[in-house]
Amino acid sequence: MSSNLLLPALVTAGILSASSSALAATKVTIGTVNNGDMIRMQSLSDAFEAEYPHIDLDWVVLEENVLRQRLTTDIATGGGQFDVMTIGMYEAPIWGEKGWLTVMDDLPADYDKEDIFPSVLGGLSKNGKLYALPFYAESSMTYYRKDLFEANGLTMPDQPTWDQMKSFAKTLHKPDEGQYGICLRGKAGWGENMALITTMANAFGARWFDEEWKPEFSGPEWKNALTFYVDLLGNYGPPGASSNGFNENLALFNSGKCGMWVDATVAGAFVTDEAQSKVADKVDFALAPSQKTDKGAGWLWSWALAIPVSSDAKEAAKTFITWATSKSYSALVAETTGIATIPPGTRASTYENAEYIAAAPFATRTLESMDKADPNDATLKPAPYVGVQFAAIPEFQAIATQVGKLFSGALAGSMSAEQALMGAQSITTREMTRARYYSN
Amino acid sequence: MLTLKQRRSLTTALMGILAWGVALAIFFPIFWMLLTSFKTEIDAFATPPQLFFTPTLENYTLVNERSDYFHFAWNSVVVSFGSTIIGMLLAVPAAYSMAFFETKRTKATLLWMLSTKMLPPVGVLVPIYLLFKDLQMLDTRLGLTIIFTLINLPIMIWMAYTYFKEIPKEVLEAARMDGSTLFQEIWRVLLPMSKGGLASTVLLSLILSWNEAFWSLNLTASQAAPLTALIASYSSPEGLFWAKLSAVSTLACAPILIFGWISQKQLVRGLSFGAVK
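Sequences listed follow chains F and B, in order.
All residue numbers for the first sequence refer to our numbering, where the first residue is 13 and numbers rise by one.
All residue numbers for the second sequence refer to our numbering, where the first residue is 21 and numbers rise by one.
To be clear, the hints were calculated from the coordinates, so they are not data collected in a lab.
It cannot be assumed that every hint is accurate.
Which bits of chain F does chain B cover? Going by a derived footprint, with three or more residues having C-beta under 8 Å, they are [said to hold, decoys possible]:
| hint | stretch |
| --- | --- |
| 1 | 47 to 61 |
| 2 | 69 to 76 |
| 3 | 90 to 97 |
Residues from chain F shown here face chain B by an in silico Cβ test under 10 Å; the list is partial [said to hold, decoys possible]:
| hint | residue |
| --- | --- |
| 4 | Thr85 |
| 5 | Gln171 |
| 6 | Leu262 |
| 7 | Val278 |
Note that the Cβ used here is the ideal one computed from N, Cα and C, for glycine as well.
Please take these sequences and the hints and turn them into a complete structure.
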């Protein structure tokens with residue numbers, strides 16, 4: 013190349029290179045869980061990228077526990093591997109308070125934050141600051157087989173008591189015919205059996221900690237609740253119930269083997285889906301059972317999207333999460349995969365939509381359950397913690413994992429309910445003392 | 021009363037049955053995974069488990085639509101082969117010096133190397149994560165290759181050491197007498213004599229790297245994630261996933277199973293044709 017051509021060529025190359033880097037899309041890496049709603053969001057990401065061509069979405073889908081560990085490592089070390097994190101109601105206030113998450117203020121005017129259920133916003137906030145935007149939320153409710161109830165002359169009230177549930181289960185339990193009275197979570201885990209057992213304990217008037225953060229497993233309320241749980245599921249549940257979590261019970265219910273099931277409201281979409289449920293047209297819904305009280309009888313959980321402070325693409329990440337949790341996203345889902353597949357439990361407008369209520373037979377009960385769940389007032393006696401089926405303190409996850417194993421052991425018959433409660437009291441006291449909530 | 025011949029044939033038959041039993045027990049989980057991958061989610065969860073069902077390819081179609089399989093597979097190939105090559109380049113000289121120039125600390129060094137395998141990986145997760153963050157090696161194939169090399173190196177050195185120890189020193193001394201350089205001694209004499217054992221070491225390192233999940237899940241995100249991370253993405257806490265998980269697991273196992281099957285003959289031949297056997 014002659015020298016008189018070299019300079020213009022270099023200038024042109026420089027301009028092209030500068031313009032291409034100016035036009036380079038911002039990459040947003042999203043860490044998320046493998047749930048139906050999340051996978052749907054991933055499949056619709058083309059629509060987002062078409063609307064915002066300067067943003068590229070990169071997905072990292074992991075199993076819930078793996079994701080939780082992965083995100084915790086990354087956020088605690090400031091690794092900056094993720095621009096958007098899918099976190100739950102347990103992490104949002106704890107991580108927010110530690111200063112690990114970006115505060116979700118200055119949301120666009122058309123986002124309509126007031127449309128989101130206050131209990132959901134409250135669960136994702138700490139000291140009045142919102143740290144994550146809810147993608148979907150759930151409570152728990154009772155699923156039952158209306159055909160079996162009719163055949164046996166039973167009537168399910170709007171909100172049964174646990175005693176009534178036991179009597180129904182006794183009537184419906186016909187193991188010789190492969191039909192079990194009730195299916196409940198038994199698999200150990202703070203998000204598995206402990207979610208169900210804690211709501212059951214709430215209904216029996218129990219609480220995790222008294223006002224001075226002292227554990228209450230040695231009290232009569234926990235004893236009543238756990239003994240009842242072991243008796244109910246042990247006598248009228250499926251065999252091997254101590255290894256059944258959400259998925260196993262869903263499979264049992266969908267194959268027509270459970271008379272009743274108390275679990276997450278999101279299961280409504282699965283049990284009524286003819287493609288995966290043999291009892292899709294035989295299911296009805298009631299509120300989660302109460303007993304001594306209905307406070308904290310149904311849980312409250314939300315999967316939400318948050319931006320870690322270590323992200324170097326905060327603006328682009330915010331654009332994405334406001335899109336993914338917006339009303340227009342719900343409209344896009346309705347248009348693409350059907351109105352019944354809108355992410356549930358977050359926006360009042362979803363439940364004001366008559367078309368949605370008609371398409372999703374579980375919607376009304378979901379709304380009622382969400383309305384009743386209050387993470388700030390979930391126990392009969394006052395409690396110092398926030399959360400219905402968990403206590404939003406950093407120590408809870410480790411404590412409840414161990415307690416969950418003891419309770420699962422009691423269900424499996426490897427120890428008595430009393431022994432499990434004694435163990436739970438001892439573990440929790442030790443951990444809370446170590447964490448200096450109080451000194452002995 | 022059985023004759024000696026009859027007793028021998030009976031023993032052979034019993035041993036054959038036992039061998040088949042063990043082989044079937046080992047293969048059964050893989051067979052069941054393969055079978056489940058062709059079921060619908062409802063069939064996969066059915067109780068009692070179904071052996072006969074209408075097969076479907078929908079899980080494979082879904083995996084193909086949802087994930088870029090070849091991106092994950094390529095990462096697995098690069099990282100597994102990369103770490104095995106680097107590992108062998110380090111393990112062979114290390115094992116050579118330990119096997120043929122033993123000092124009073126050799127045994128202790130070997131034991132110390134193996135003791136690093138006894139530490140649960142999660143114990144060093146945070147320091148390694150911080151190091152990788154500072155070195156900008158998070159979510160890179162290079163970073164994962166280095167980690168895999170380091171975690172497999174003690175086993176590779178131990179295996180190579182064991183094979184080298186079986187070779188008489190005199191053979192190498194003879195090569196030296198004939199004027200071989202150190203490189204020639206290793207390349208022309210030592211390696212050909214221990215190729216069967218080294219091939220096993222290579223295969224073991226490849227399998228361990230291919231199957232490694234803890235570091236793959238913790239040190240990668242989207243760019244360098246291997247097939248183990250892809251498998252983990254199909255497990256779900258809310259929703260049926262066994263059939264899809266089986267399909268993606270089958271796809272993840274397939275390359276290394278095929279590789280193992282192809283290299284089986286060479287491996288056996290290598291093991292049984294050693295110079296001193």
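Cross-check of the supplied hints:
no.	hint	result
1	47 to 61	holds (count 5)
2	69 to 76	holds (count 7)
3	90 to 97	holds (count 5)
4	Thr85	holds (6 Å)
5	Gln171	violated (24 Å)
6	Leu262	holds (7 Å)
7	Val278	holds (6 Å)
Checked against the numbered hints above, the structure violates only hint 5.
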